[in-house]
Amino acid sequence: MAAIEIEALRKSYGRQEVVRGLSLRVEEGSVYGLVGPNGSGKTTTLSCVLGLMRPTSGSVRVLGETPNRLHRLGGRLAVVFDTAIAAPQLSARQNLRYLARLNSGRDLRDEDELMDVVGLTKLASSRAGSLSLGQRKRLAIAGALLARPELLVLDEPLSGLDTLGVRQSLRLFRALAEEGVTLLLSSHRLHEMQEVVTHAGVLLGGELRVNGPIDEVLGRARGCYRVQAEPLERAREIAQRTDGVEILASEAAHELRLRIDGDVAMRLSRALIEGGCELAALAREEESLQNVFEGLVDEHIAAEAGA
Amino acid sequence: MRGSLLIARSELYRDLRSRSTWVLIVLVGLVPLVRVLAWRLAEAPERLRRAQSGASRSAEELAGAGWAPLVESWRFGLVLGGLALLIHFARGLAGDHDTGMARLAVTRSVSRSGLVMGRALLISPYVLAMALVTGCAAWMSVTATYELGDLIVDGYTLATSPELRSELTKSVLVTLPALLCLCSFGLLVSAATRSAVAAVALSAAGFLGYDLFKEVLGGKAAYVFASYVPSIFDESAMHEMVQVALGYSDAGMSSASMNAAAILPWPEAALALGFACLLVSRKRL
Chain A
35 MAAIEIEALR KSYGRQEVVR GLSLRVEEGS VYGLVGPNGS GKTTTLSCVL
85 GLMRPTSGSV RVLGETPNRL HRLGGRLAVV FDTAIAAPQL SARQNLRYLA
135 RLNSGRDLRD EDELMDVVGL TKLASSRAGS LSLGQRKRLA IAGALLARPE
185 LLVLDEPLSG LDTLGVRQSL RLFRALAEEG VTLLLSSHRL HEMQEVVTHA
235 GVLLGGELRV NGPIDEVLGR ARGCYRVQAE PLERAREIAQ RTDGVEILAS
285 EAAHELRLRI DGDVAMRLSR ALIEGGCELA ALAREEESLQ NVFEGLVDEH
335 IAAEAGA
Chain B
2 MRGSLLIARS ELYRDLRSRS TWVLIVLVGL VPLVRVLAWR LAEAPERLRR
52 AQSGASRSAE ELAGAGWAPL VESWRFGLVL GGLALLIHFA RGLAGDHDTG
102 MARLAVTRSV SRSGLVMGRA LLISPYVLAM ALVTGCAAWM SVTATYELGD
152 LIVDGYTLAT SPELRSELTK SVLVTLPALL CLCSFGLLVS AATRSAVAAV
202 ALSAAGFLGY DLFKEVLGGK AAYVFASYVP SIFDESAMHE MVQVALGYSD
252 AGMSSASMNA AAILPWPEAA LALGFACLLV SRKRL
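Note that the protein sequences, when read in sequence, are chains A and B. With the numbering used here, letter number 125 in the first sequence gets 159, and the count goes up by one each step, no holes. With the numbering used here, letter number 123 in the second sequence gets 124, and the count goes up by one each step, no holes.
Source of the hints: derived by calculation from the structure; they are not laboratory data. Possibly wrong hints are sitting among the right ones.
Among chain B residues calculated to face chain A with C-beta under 8 Å, some are [unchecked claim]:
| id | residue |
| --- | --- |
| 1 | G4 |
| 2 | R10 |
| 3 | R104 |
| 4 | T108 |
| 5 | R109 |
| 6 | V111 |
| 7 | T144 |
One-sided and incomplete, this derived list gives chain B residues near chain A with beta-carbon spacing under 7 Å [as the list claims (entries may be wrong)]:
| id | residue |
| --- | --- |
| 8 | L7 |
| 9 | A9 |
| 10 | Y14 |
| 11 | S19 |
| 12 | L286 |
What you are looking at is a predicted structure, and each value in this text was computed from that prediction instead of being measured. For each residue, glycine too, the CB sits at the ideal point set by N, CA and C.
Bound-form chain A, shown alone (with noise of 0.2 Å):
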C-alpha cells in the first residue's frame, strides 16, 4: 500500500516547466529520500504533494485522499516545513499548545515528553522567535509528532542543526520508522540521508532521474572509477578500445568517468601506462548517495551542454 502516489506531475511557472511528469510511490512504513540540487524541483514537488500549490497536470494521493482534501486526514500526516514555526511571540511549550489546539480529538503525545525527546526540555518556557534555527527546527519536528501521525513529510530537516543535533534527529528518524511511520524526507545532505532511507529518489531539472530502493540506487555507483591521466584525450581513446570499460559523463575537465567491468581495471591501468599515459589516480568510488548524486550531476550537466 503506497503512502504517497504520484503520477505523471507537472508543474510549470509561465513557460518554465518546473516538474517534468514525476512519478513515484511511497509505501507504507518506508522511509524515502527525495534528494537533489537547489532548484531541482524538490520544494514544487512537496508543494503540490500537500495541496500548498496545484499542479499543472497529474495525479497525486497522499493516504488515500487528493491534496485539496488533506484535512480529511486529521492528524494522521504531518509536516515540517522549511522555516515554519507556529507563533514567535509564544513560547516552546505554548507552541505546542497552540498546534495541540488544531489537533484536538486526535490521541496526542505528551508534551513534556516531546520536549525531551527533541531536547527542548530547558528551553520550553523560552520564546519561540529567541530560540536558534535548529532549536526552533527540533520544535517543529515536536509538533508534527504531537498527533502520532502516520506519515511524516519533512522538508530540509537536518539544515540548521549542529553535528549534535542532526545525530539526534536522525536517531528519531529511525525510531520513528521502527514505529511504523512512513517518512519523506527531502534533503540536500546526503551522507547524512543514507543512513536513514530506505528508499530514494534523486531529482534533477525536474526529472525523477533514479527511484527505487537504498540498494537498488546506491547500485548505480558500483563499478564507478574516477581516472586522472596526462594526457587525458589519449587516456580516453584508449579507454574506449578496452572492453568492459564505457565512459561516463564526467562534469571535471581533468579526469575520466569510467564504469569498469569486474577485473578490468588492472588490465585498463596497465593499458593507459603502456599507451603512453602518466596515470596520477585511478580509483573506485564509493558506493554512496553522494556518488550517484554526482554523477547523475555529471550526466545531466553534460547532456545540457550536448543538447
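Fit chain B to the given chain A structure using the hints.
For chain B alone, kept in the frame of chain A given last:
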C-alpha cells in the same frame, strides 16, 4: 465546520497569550479616558468665562453634562478600536502565510476555507469585547467627573436620561454590524495579499482613503458599510448621537440610515468572507 472551530480555538489561544494583545486592549481602553480629559480641558475656558461673568450653569444643566463626553469618548474608542481590529484581522492570514503557519494548518486538520471562517468566527466576540472595553472605559472616565442626568439646555429638557440611554444603545447597536464588516474586509485584504505588512498597509489605506473621499460618492456612500463605521470624518450613528448629547440635534440619525446601518453591512460582510474563501482556495500557500 470542525476545522473552522479548531482555527478559532487555536487563534483565541494565541491571541490571549500574546503580550501585544493585552497592550492593545489597555491602549484602546485608555483612548476614552484621554478623550474625556481632553473634553474637560476644552471646557476649562468656558467654565472660566462663566465664573468671571457670574453666570454659572444651573445644577439641572450640570446633571446632564456627562452625556456628550460619554458618547464622544466611546466613539473615539470605537474609532481606534475598529482600526486596531481591522489591522489585527488583516495581519492574521497574511502573517500566517509569512511564517508558514497557514501551511501547517491546511496539512493538519483545516480546509483552506476553514482558515478564513475560523477567524471569521472570532470577529463577533472581538468586536463585542472591544465595544465593551471602550464603553466601560468611557463610562468610568465620565462618571468620575460628570453626571448622567436629564439633558437640560437653557431650562428646557431636551431629553430625559432613559431616552438618552435608549438612543445611545440604539446607536451602538447599529454601529456594531459596520465594525463586523470592517473586520471581514480586513480578512479579505489578508486573503488577497502575501505579506502581513502589505495587508496592514492596504487595509488601513483602503479604509482611511475611503473615509477621506466618501463625500465624492454622495448618496451612494449610504450603500457602503464603511460609511457607518466610526471614523475620523465620521457620519456614523455614534457621531449623530454626539450631536444629540450636545443638544444640537433632537432626532439623531434618520431611521432610514439607521435601518441601512443595521442591515447593509451583513450581506457585505458575507460577500467579503466569500471572496476571502475563494482567494485562499486559489492561493499558493
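In rising order, the numbers of the hints this structure does not comply with: 7, 9
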